[in-house]
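In the order they appear, the protein sequences are chains A and B.
For the first sequence, the positions run 0 to 184 when numbering that gives the first Met the number 0 is used.
For the second sequence, the positions run 0 to 139 when numbering that gives the first Met the number 0 is used.
Hint data in this document are derived by calculation from the structure and do not stem from the laboratory.
All C-beta atoms, glycine included, are put in the ideal place defined by N, C-alpha and C.
Check each hint, because a few of them may be wrong.
As the list claims (entries may be wrong) - What follows is a list of derived Cβ distance ranges for each label pair:
1) A20(B) - G153(A): 38 to 48 Å
2) V59(B) - E62(A): 31 to 41 Å
3) E11(A) - A20(B): 44 to 54 Å
4) R68(A) - V50(B): 15 to 25 Å
5) S45(B) - L58(A): 31 to 41 Å
To be verified - In silico DSS-like links for lysine-lysine, alpha-carbon gap of 25 Å or less:
6) K87(A) - K121(A)
7) K87(A) - K35(B)
8) K87(A) - K2(A)
9) K63(A) - K87(A)
10) K160(A) - K121(A)
11) K2(A) - K35(B)
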Amino acid sequence: MAKPLRDLHDVELAALSAAGGRREFGELVRRHSPAVRGLLRRMGAQPALADDVAQDAFLLAFEKCAEFRGEGTFGAWIKRIAARLYLKRRSRDARYVAELESDEVAPSVDSVGRMDLDEALKGLTEAERLCVSLCHGAGLSHPEIATAINLPLGTVKSHVKRGLDKLRVRLEPGSVAHGSASHVG
Amino acid sequence: MSVDEFDPAIERLFARAPAFADSAQFEAGLAARLNKSSRFRTAALSVAGLVGGVIAVREVLSVDFNFAASSASAGAAPSAAQGLTMAGVDGGMAIQSLMERVGLTGLDLSSMGGMQMFWATAGVLVALLAAGVVKLSQQI
Numbered sequence: 000m001a002k003p004l005r006d007l008h009d010v011e012l013a014a015l016s017a018a019g020g021r022r023e024f025g026e027l028v029r030r031h032s033p034a035v036r037g038l039l040r041r042m043g044a045q046p047a048l049a050d051d052v053a054q055d056a057f058l059l060a061f062e063k064c065a066e067f068r069g070e071g072t073f074g075a076w077i078k079r080i081a082a083r084l085y086l087k088r089r090s091r092d093a094r095y096v097a098e099l100e101s102d103e104v105a106p107s108v109d110s111v112g113r114m115d116l117d118e119a120l121k122g123l124t125e126a127e128r129l130c131v132s133l134c135h136g137a138g139l140s141h142p143e144i145a146t147a148i149n150l151p152l153g154t155v156k157s158h159v160k161r162g163l164d165k166l167r168v169r170l171e172p173g174s175v176a177h178g179s180a181s182h183v184g
Numbered sequence: 000m001s002v003d004e005f006d007p008a009i010e011r012l013f014a015r016a017p018a019f020a021d022s023a024q025f026e027a028g029l030a031a032r033l034n035k036s037s038r039f040r041t042a043a044l045s046v047a048g049l050v051g052g053v054i055a056v057r058e059v060l061s062v063d064f065n066f067a068a069s070s071a072s073a074g075a076a077p078s079a080a081q082g083l084t085m086a087g088v089d090g091g092m093a094i095q096s097l098m099e100r101v102g103l104t105g106l107d108l109s110s111m112g113g114m115q116m117f118w119a120t121a122g123v124l125v126a127l128l129a130a131g132v133v134k135l136s137q138q139i
């Protein structure tokens, strides 16, 4: 008797998808689409664009499923595809970047004065946010990021370091509450 | 939190996928796009197969015309045309035996000429090839 889809490993599902299995690919989408959509938003994509790029990434993954050999995880593979597609789209549409740069959202905090990652990322500059997300969310190395976004390697390293420093401060419990108090005072 | 323990912590935060209320809608949209691209591919391959088949048949027809035109002067050409005719007859006999096997004994193809039989066989083969390509594209 065939195993239920939820019991199959990603590698098995990818192999069945490569043979044209739509149901198996649907299971992969169910498992990984939240992570992909989340990553794209963390990289700075607006929700509609993030979902559009995420769908493009899954369509491409369905075409290229046979290329996934299971060396890494399927999640990491699809996130890299999505990140690269987003960067392509982003560089094609300069207007969108301008919108992002002017987009400021007041961060919200939880009951102990701590931000979640998505809120904390909003306090980073566009470049820092992108570099940190590509590095820690999509799993790209610094040289890969430098190539992908056409920046010098040293600049990418600086963005990642500065971004992580800011995140460290913002994600520290109580740090935001103290920061806010000093502003009010 | 020290610098050393921060990186694994942020990796874990990034690895935690947010929950989306509209996941079902996202999956349905993706399925629709997948179906649309599959239909488009099937249609494109069918059209390409049809166009290719028509071009192939036209090319073969022009070769046949050359045979006919040169048959008066060249000695080798009639034998080539004769070979084509024989191939048609052989194909026709193969189809006849296949039809007999599936119970269509009432149809007598022997009344068709050799060339007619050749074209009929070629047509059936082109159709089978096109159907095979479409089926294959759907599986891919």
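Verification of the hints:
| no. | hint | in the structure |
| --- | --- | --- |
| 1 | A20(B) - G153(A): 38 to 48 Å | holds (41 Å) |
| 2 | V59(B) - E62(A): 31 to 41 Å | holds (35 Å) |
| 3 | E11(A) - A20(B): 44 to 54 Å | violated (29 Å) |
| 4 | R68(A) - V50(B): 15 to 25 Å | violated (37 Å) |
| 5 | S45(B) - L58(A): 31 to 41 Å | violated (21 Å) |
| 6 | K87(A) - K121(A) | holds (22 Å) |
| 7 | K87(A) - K35(B) | holds (23 Å) |
| 8 | K87(A) - K2(A) | violated (39 Å) |
| 9 | K63(A) - K87(A) | holds (18 Å) |
| 10 | K160(A) - K121(A) | holds (16 Å) |
| 11 | K2(A) - K35(B) | violated (29 Å) |
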